[in-house]
Structures are given as C-alpha cells and as structure tokens.
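> For reference, the chains in residue letters:
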Amino acid sequence: MLLTWSTVLATVGSCILAAAILIKAKKTAGNIFFALFSFSLAFLVAANYFSLNSKSSPEMTLFWIRLVMFSVPFVLLFIYGFGCSYLNPNYKINQNTLSLLAFVTFIIALMNLTPLSYKFVTISPTGKIIPTTGPGMFINGLYIIPLFAAAIGMMIKNIRRAEEAIDKKRIEVALFLFLISFGTQIVTSFILVALFNFTDLVFIGNFLSLLFIVTIGISILRLKLFGLNVISSSVFAVVITLLMFAEIFTATTPQYMAYKLIVFGAVSFTSYQLLRSIILELQQKKEIEELARDFKKANEKLKEIDNMKNEFVAMASHELLTPISAIEGYLSMMLDEKLVEIDDPKAIRYMRRVYDSSKRLAELVSGLLNVSRIEQGRLLVQPDIINLPDLVENVLDELKFTIKEADVRVKSDLSKSLSPVYADSDKVREVLINLCSNALKYTPAQGNITISAELRPTRKVLEQYLEVGRAMLKKNNPIIEETLQCTINEKTKCMAGENQLVIAVKDTGVGIIKEDLHRLFQKFSQLGSWSHHSIPGTGLGLYISQSLIELQHGRMWAESEGKNKGSTFYFSLPLATEKESITKINKLIPVAKDAKSLAKVAKP
Amino acid sequence: MPINPNQITVLVIDDDQTLCEMYAERLKIEGFKVEVAYDGEDGLEKAVKCTPNIILLDLMLPKVSGFDCLEILKSSPKTKNIPVIVLTALIQQESKQRELSAGAADYIIKSETMPMQVITKIKAVLEHQVAAQPK
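In order, the protein sequences belong to chains A and B. Note that the first sequence ends on residue 604 in the numbering used here; no numbers are left out. Note that the second sequence ends on residue 1135 in the numbering used here; no numbers are left out.
No wet-lab data here; the hints were simulated from the structure. Backbone N, C-alpha and C fix where the C-beta goes; we use that ideal spot for every residue, glycine too. Treat the hints loosely; a few may be bogus.
Across the chosen pairs, the derived CB separations fall in these ranges [unchecked claim]:
no., chain 1, residue 1, chain 2, residue 2, range
1, A, D384, B, K1078, 37 to 43 Å
2, B, P1002, A, G562, 55 to 61 Å
3, A, N90, B, K1049, 50 to 56 Å
4, B, A1124, A, D397, 17 to 23 Å
5, A, E561, B, E1127, 51 to 57 Å
6, B, K1078, A, K411, 53 to 59 Å
Isolated chain B, as found in the complex (with noise of 0.2 Å):
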C-alpha cells in the first residue's frame, strides 16, 4: 500500500546542517513533515518528543554517538518500533551488520546516495512496515 507523506513525520539527525537542510528540504518537497536535529542528544530528545514515523539517523554525531542513539532508540517503549535508517559517508561491512543487527531498518552511504533514492528508501522502509504489520 502507498504512502502518503503528508501523513508522514521524518527525524532527521545530522551533525552536517547543510546535509540536514538538503534531506529536509528534498523531504518537505516531496510532502513529508520534518524535524531535525544536530547532535545525538537533542536527536534523542525529538524523538521522545516529536515521535516521528521514522527516523534518518547519521552515525557520526557528537554529544551522543549514532551507535549509542540507535542502541537507545532501539531500547525505549516509546522509541523502539520507530524505523531507523542509518546514514554514513562511508561504506563499512562491519559497522553495516553491527547496525543491522542492533535494529536499524536499512543502511545509507550519504556519498553514493542521491536525496531522491533516499527518498526512494523511506518509502520501502515504511511500506514494509506496515505490511509486516499483523491485521
């Protein structure tokens, strides 16, 4: 079943404002709701908060790391069932199956992936989300 973004709340959580700005603009262009945030504990904080639909997640963030964020999201009641897309400028095997395995939904390579395909992945994530849903 489609989405509709206008329904649709995104987190996004990057130390890079540019970044930030671009995935938000990109976002809002395509009719999502956006949030975002510049560091792992204001990122914690609007989650609680603002309980987004889904969450992009950079993983190298100061005050609280993207590891430590995901592990944290991924443990609270009000967090964990929130899907979290990780973002990264580089592509690392090992950190991608330690991410996986802690409960990210899927993976991004900033460097290799274009706002569109992004865009392209929010949906997938979503839309697998709610068919796994039990009816």
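Only chain A is shown next, with the shape it has when bound in the complex (with noise of 0.2 Å):
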C-alpha cells in the first residue's frame, strides 16, 4: 500500500510540477529540461511500479521492465540538460551536441525494449525477480554513469561560478535532490540489477521519487526554485487533501472509515492552515523585496547625484579658480610691483578693491571646495606626532607682515617641553592661522594676542565644549550624546585617553556675546563688525576648523565675557600616546578612495 501511494504521489506529483512549470516558470533552458526530466521521472516510477506488481506474468514484468529501461537515457539526458543549464548566465545550445545526444538516446531508448538490454525474466517460487540482461546492457552503462557524472559535474561548477548566494543555494539543493534521489535509483535499479541481478532494493527508487518531489516543492516555497510560488504547493496540497479524501472509501470498516474522515479532517485544515500562512509570508516576503528594490534604486540615484555634486564641485573649483588667478596675477603686477605707472590715485584705490575681492573670490572658493571635501568624508587627514611650539612660531612668522599691519602684540607661551600631540600637522597649521587671522582681525591696535596650552582631563574638555558647543543637546546627560553623535557620525570622531592638549588663542578685542557663542561655528556665520583689515572673511572658517579638529579626535569652542570683553578660542588635541588607540579608531572609519588634502589659497 505504502509503495502504491509513494508511486501515485511521486507520478501525480511530477507531472503537475513539470505542468506548472512549463505553464508558469520563465522559459529558459533549465527549467525546461527540468520539465522534461519530470515527466520522463513520472513515466518511469510509474513503470518501475508495475514491473514490481506483475510478477503473477513474467511477460508483463519483463516488458515494464523495458520500459523503465527504456526511459532511463531520457531521463539522463534531461538531467544532463539540466546540470549544463540551470542557473548558468553563459549557457548557449550547441544544437550540434544536443542533436548528437538526443539521437543516442533515442537509439539506446530503442535498443533497451529489445532483448538486447533484458533478454527474459523469471520469476523465483518466492516471487523474486530475476532478470537476465542481454548482451546490449553495457552500451546503456557507457551512456548512463559518465552522463550522469557530468551532470553532476556542471552543477559543482555553476554552483562556484554563481555569484548570488541564494543562486548558489538553489543549485546545492537541485544537485543534492538529483544525487540522492536518481544517484540512489542508478545503483538499487540499474547496476545492481545489471550486475549482480539483485532486485530486492529496487522499489526504494519510488520513494525516493517521492522524496525528491516533496523537497522540489519545499524548495519551490523557501527558494523560489524555478521562480513558481504558491501555487505548487496549493497543487499539492490540493492532491493529498483529495487522496485522503478518496481513502475514506477504500475504508473496510465504519469505524476505519470514521478513523480515515477524521485523518481527512486534520490533513484538510493542517493544508489550509499552511496555504494561508505561506501566502502571507510570500506576500511579506514580496513587500519587503520590492521595499528593497526601492531602496537599492534610491540609494543609487543619491550615489550618482551625490558623484555628479563631486565632479561639479572639483571643475566648478578648478574653472573659478583660474581667471580669479589671471585677474589676481594682472593686479599683482600692476599695484606690487608697479610695473605700470598710474596717476590717479583713485584707480589705484578702485583696482586695489577689485584684488581684495579676487583675493576673497579665491579664499571663498577654495573653502567650499574644502567644506564639500569635508561633508563627504573625502578630506585626507595624516596624523603624526607633532610639536606644537614650533608650529605655532612657523605660523605667526608667516603672519608676521599682518601682526605688524595690525600694530597688535602677538605672544606664544607654549613651552619648549610641551607634550607632542598626535595629529595632522597641516591641518592645526591651518587652524592656527585661522584663528590667529580672526583674533587679528577682530583685536584692535595695541590690544593683546596670547597662545597658550595646557593639559586637561577629556571630561573636563567635553563638558566645556557641550557647554557652549552642541545647544542642540537638550538632554540630561550631554556626554552620553556626544558618544552616540560619535559612533553614528563617522565625521566626528571620537576623543581619546585621559588627557586633552588645549589650545587656547585669547584675544583682547571685541568680544562675543553669549547668544552668539554657538552660531561662530556655522557656515557663513560672521559676527558684528571687525576693527582692522578691508577684507571681510568667508563665513566658513570656523565651520572648516572646528571640522578639522573634530576629524582629528579634537573639539574646538570659543568662551567670552561678552561685547568688549575679548574671547579665547580652545581646541583640544590628542597625546602623542594615543597614537595606537586613534590608529585602531580611525581603521573602523571607511575613508574615501578619492580623499584629498585641502584647498589652498594665498592667505592676506
């Protein structure tokens, strides 16, 4: 009975599965030879069946054993089919190849219904089957076992060609269905048979018909196999509801019938019950693709156009920067070096505008060009162990010319045995330079300019920073903030070790009032009206240097005690002994593969 209903499922279940994909699958070459290879699997489980149930003729035996014999090469040459095909992008028909396969299959199909594959078959008084093989079997052992053999083989290498995970998948599960399933039936039906005319295991090639089927459709639903969905398994539990329907009646008894209703009864609302929860889950698991495509898409068009933002800004930079340089050059020539005469004094005090303004022109766009670079993570920083005193001294010789213009006493009281920092040495020269230009230009004459450093604990600095820094922090505890604004911003890196450098530049000029403290750091943020200098600044200074600390490990503030009153300017760096941390820490940040060094332009 088991082997009856093993056969039936296993022939009823192929046939449809081979239906449903031929009607519903994508027509490629897999997926038909797969189709092929069901229908010839249904047709020889079905004969091997009644070879095993003639036995009361040994005539009928031996011509359904032909017939099983008969459908092995076909089956073998789908599988084959199959294996070449099934997942394989670069699979081209060689009509040659198929043509020369097909017609050997054909004749050795042909050859195995004469005696010369099995020449009779008797049966033993114990009901055993005996065949004799005929002189033909071993051209079908020729074709079978290396076919076989290399169907298996181009499925190993469609599975490491794949370059999906869940493609690869789906070829592991064909290869280890076809292995277990018709490998098994090669050996219990074929050489066994062939070989040693052993016959006892040659049913167990029906359930594992069974199996594969089964595991096919299981497959169908988790994998997608063959791109069908829920209608396969609707099929199939479609079939089994109805073959326990129609076991009601083979009932002898009414209490076996009463047993056999309530077994339909349970098999019907288990099939329901799992046909209403595969189609939500198909249903979840199509949302959550298409959601996915959706984003993919997305993300792709924000990549191009964040791409397109790049180019124009790198050739907007470049196309901008060169006629400001003509333009700067032409008045370079004409008011340094007086290469021209000029009476009027008042040409000269025009022209002399129009190169501070080609000179602001250029630092303008040469600070865009560095805030993109920033905002984009494609600013290279280089850190290395620095010594801040000589520095500093580079710096305010190179603004010596501006410091005397500005008739204010500049004094660097960091000393000599100052401890080195771990940081990008262009980077803080830039950030030196910017806050030494504003604390000149906002000082007037006479007044004062200190640079000073000291040692302070990291809580210490943080506190002080979110104090005036990050009013947007409403929070209770500001430094837990400041750790999550740290590990979700790969911008703002995270500071590290016990200790900070920081570095003070305290001016004596005009002071910020409160209310203002935490807006110096936007973009084209400018403050109340500077005392010396015609040339106004950006607005991006600030934002640029508190970036480039902050990409440092450092956080950069500004306190004051209001309107006239001066202000100081702290940025914070880390000890040269956190140089291992800040290398491990900056090996989880990912850097642009286009990161650059910063913009420059000539300085006033």
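Each chain sits in its own coordinate frame; assemble them with the hints.
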C-alpha cells in the first residue's frame, strides 16, 4: 500500500510539477530541461511500480522492466541538460551536441525495448524477479554513468560560478536532490540489477522519487526554485487532501471510515492553515523585496547625484580659480610690482578693491571646496606626532606682516617641553592661521593676542565644549549624547585618552555675546564688525577649523565675557601617547577612495 | 651663479589664453624669451621644435593631459633634460607627489602664486640645474 501511494504521489506530483514549470515559470533552458526530466521521471516511476507488481506474468514484468530502461536514457539526457543550463547565464545551446545526444539517447532507448537490454525475466517461487541482461546492457552503462557524472560536474561548476548566494543555494538543493534520488536509483535499479541480478532494492527508487518531489516542492516555496511560488504548494496540498478523501472510500469498516474521516479533516485543516501562512509569508516577502528594490534604486540615484555634485564642485572650483588667478596676477603686477604707471589715486584705490575682492573670492572658492570635501568625508587626514611650539612659531612667522600691520602684540606661551600631540600638522596649521587671523581682525591696535596650551582631563574638555558647542543637545547627560553622536557620525571622531592638550588663542578684541557663541561655528556666519583689514572673511573659516579638529579626535569651542571683553578660542588635540588607539579607531572609519588634502589659497 | 634671462627661452603650456599671456608678458618684461602653447599636443611639438630652457606646464590640458605631457617630455631624449614646473589651480598632495616623482622640477599653485613669484621660482630651478651640472 505504501509503495502504491508513494508511486501515485510521486507520479502525479512529478506531472503537476512539470506542467506548473512549463506553464508558469520562465522559459529558460534549465526550467524546460527540468520539466522534461519530471515528466520522464513520472513515466519511470510508474513503469517501475508496474514491473514490481506484475509478478504473476514474467512477460508483463519483462515488458515493464524494458519500459523502465526505455525511459532511463531520456531521464539522463534531461538531467545533463539541466545540469549544464540551470542558473548558468553563459549557457548557450549547442545544437550539434544536443542533436547528437538526442540521437544516441533515442537509439539506446529503442535498444532497451529489445532483448538486447533484458533477454527475459524469471520469477522465483518466492516471488523474486530475476532478469537476465542482454548483450547491449553494457551500452547503457557506458551512457548512463558518464552522463550522470557529467551532469553532477556541471552543477558543481555552476555552484562555483554563481555570484548570488541564493543562486548557489538553489543549485546546491537541486544537486543534492539529484544525487539522493536519481543517484540512488542508478545503484538500486540499474547497477545492482544489471550486474548482480539483485532486485530486492528496486522499490526504493519510488520512495526516493516521492522524497524528491516533496523536497522540490518545499524548495520552490523557500528558494523560489524555478520562479514558482505558492501555486505548486497549493496544488500539492489539494492533491494530498484529495487522496485522503479518496482513502475514505477504501475503508472496510465504519470505524476505519470514521478514522479516515478524522484524518481527512485533520489533513484538510492543516493544508488550509499551511497554505494561508505560506501565502501571507510570500506576500510579506514580496513587499520586503519591493521595498529593498526601491531602496536600492534610491540609493543608487543618491550616489549618482553625489558623484555628480563632487565632479561639479571639483570642476567648478578649478574653473573658477583659473580666471581668479589671472585677475590676481595682473593686479599684482600693477599694484605690487608697479609695472604700470598709474597717476590717478582713485584708479589705484579702485584696483586695490578689485584685488582684495579677487583674493576673497579665491578664498571663498577654496573654502567651499574644503567644506564639500569635509562633508563628504573626502578630506585626507594624515596624523603624525607633532611638536606644537615649533608649529605655532612657524604660523606666527607667516603672519608677521599682518601682525605688524595690525599693530597688535602676539605672544606664544607654549613651553618647549610641551607634550607632543598626534595630529595632522597641515590641518592644525590651517586652524592656527584661521584663529590667529580672526584674532588679528577683531582686536584693535595695541591689543594683545596670547597663544597658550595646557593638559586637561578629557571629561572636563567635553563638559566645557558641550556647554557652548552643542546647544541642540538638551538631554540630561550631554556627554552620552556626544558619545552617541561619535558612534553614528563617522566624521565626528571620538576623543581618545584620559587627557587632552587644549590650545587657547586669547585676544583682547571686540568679544562675543553669549547668545552668539554657538553660531560662530556655523557656515557663512560672521558676527559683529571687524576692527582691522578691509577684507571681510568668508564665514567658513571657523566651520572648517572645527571640522578639521573634530576629524583629528579633538573639539573646538569659544568663550567670551561679552562685548568688548575679548574672546578665547580653544581646541583640543589627542596626546602622542594615544597614537595606537587613534590608529585603531581610524581603521574602523572608511575613507573615501578619492580623499584629498585641503585646497589652499594665498592668505591676505 | 645668477641666470641671464636674455639667454633663456621659457615655454608656457596652459589652455587658458589669458593666463598664458599674463605669464608671457611678465616673463618678457623680465627679459626672457617666451613661447606659448594652448594644448598638450602643441606644447609637445614646440618643446621639440624650440628646445626651451624651461617649461611651465599646466596639469589640466586638452588633447594631451599635463600628466601625459610630463611623462612624454621626460621619456624623450630631446626633452628629458628640460626642467618642468607644473602649474595647477588647486593643491592636491597626491598629485604633487606624483608629479615630482614623475620628474617635475617643482610645483606652482596658480591661485597662490603671483607672476613675480613664478619668475623667482623659474630662476631658482635654472640656477639649481646649472649648479647640479658636472664641471
């Protein structure tokens, strides 16, 4: 009975599966070969069953055995075709090879219907089937085994070749099923029978075919094998339910019928629930897949726009700076080198204003380019152990003409024995130039600017920075918020070590009112009026400086007692002793492949 | 030993005509002889034809890029010994290292360097070249 049901289910299931694939699935070579394989397997399983159940007539048994052998070459041909083509984008049908294989298959199949494969069959008194092979049986061996091995080899090759993990999984499932079901059948129904006349295990083939069909059904649902979805599982559930219904009428007693009714009810209910949950799961999966596709498309679009913006910024900056260079160059020749005689002081004054404006424009373009690089994470930061006192001295030397013009006393209180820091000297230099230039701009003549540095505990630095710097953090523990900000924003790098070196640039200038302190570091923000120099800033200097310090695991903030009470700009840097921990942190933060250094222009 | 500009020919290769003329004019005032080219292809031809003493080469050029021009100049026997000063609108650390290792004698950022400073640089490069020659 079990064999009968297995056979019926395997045969019907194979046919339904094949039909579903041909009707609903994409018409790829792999799918078509599998459908043909399913049909031929159904034929083989049915013939196998009848060969085992015709023991009363050796002639009928021989007939069915020959029919089994007739179907075997076709099954092998379709397995081979499937193995070559399934999920293989490079597969192209070679008409000559296919025609040759089809011809050989047909000849061997026809041969298997003759005594060349099996001469005759004897049934022993115990009911054992003993077939006698003909002289042509070895041709089957020469054809079946190499072709099956080649099919398995092609599937393994396609697994290695597959790029998507899901495709690898699909081929692996198919390979496993073929090995288990048909591989075992080759052994039990062919090798053992043909070589050793051992037919006791032939029935296993039908059970394995049922296993094959059930597993394929599950794989169709979970892996969308052959692109089918809920249709096959629905059909499968209906078939099982119908079979259980048919079983009711085979009951011989009322009790047995009642039992089968209960089983039928249970199977029907379970099938219904199963189908419902499968349909729901598939719907949800479909929605998720659609969302994922939309997200991927949107992401790709954003990347495209980002790339276009980067290219535009780079090109625009280059294109803008080239004519600016020409303007500055000619004006320099006229005003600095005095290569042209200009008598009219008004003309000189106007040209001087044009010269100053062109310098400001060059600074603005350069600043915008740097802002763009910082915001996109494309700024190259190359930290090293640096000696701050020397760096500060170089900066003050560079600004000596401006300092002289401003008539302001600038002093560096940095001790030569100051702890070295781990930072990018170019970036720190830019920050110092910016802070000192601002201090010079906003300090009246005879004023003072002092640059000093001291060690401070990291926690204290954070507290002072957060008090002023991040007004938007309104929660109770701003330090936790700061930490969170570091972990989610790769550009705001976390501070390292228990202590920081805090550098202060203090001036006796126009001061800043408390309400304006946090606005200082916003883009294009300029406060108050400057006391020196006719060249206003771009409003980007402090934003860039703060970003540069944050990129080096530091923090920047400002303090002031108020209007006309001077101001102090602070920035912290990690100590050189933190080099290793900073290197580790930096490795976790991806750097853009096209990361660049700062764009620079001449400072006034 | 100071350089005599009257004996020096400078080839300026830059696709921006205004800038080219500005450098050319300033160089002529200083006494240099000047040739100009507005693209890489023309620049390479003139480098071979006029055999200048020094070349100012813009990096962003049409037809043949500045990078490629530098490579070709340094690989050709006729031009490999002519010092090349590379011009660019923006400083890029990686480009600077690349150009200097490709054989450029020096690097000028156009937006940062006034014409007088360009002349100073040209003289410095030529003097260095003379000093480096075996006696």
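> Now, for every hint given, state plainly whether the structure supports it.
Status of the hints after comparison with the structure:
| no. | hint | verdict |
| --- | --- | --- |
| 1 | A:D384 with B:K1078: 37 to 43 Å | holds (42 Å) |
| 2 | B:P1002 with A:G562: 55 to 61 Å | holds (58 Å) |
| 3 | A:N90 with B:K1049: 50 to 56 Å | holds (54 Å) |
| 4 | B:A1124 with A:D397: 17 to 23 Å | holds (20 Å) |
| 5 | A:E561 with B:E1127: 51 to 57 Å | holds (55 Å) |
| 6 | B:K1078 with A:K411: 53 to 59 Å | holds (57 Å) |
The structure fails none of the hints (numbered hints given earlier).
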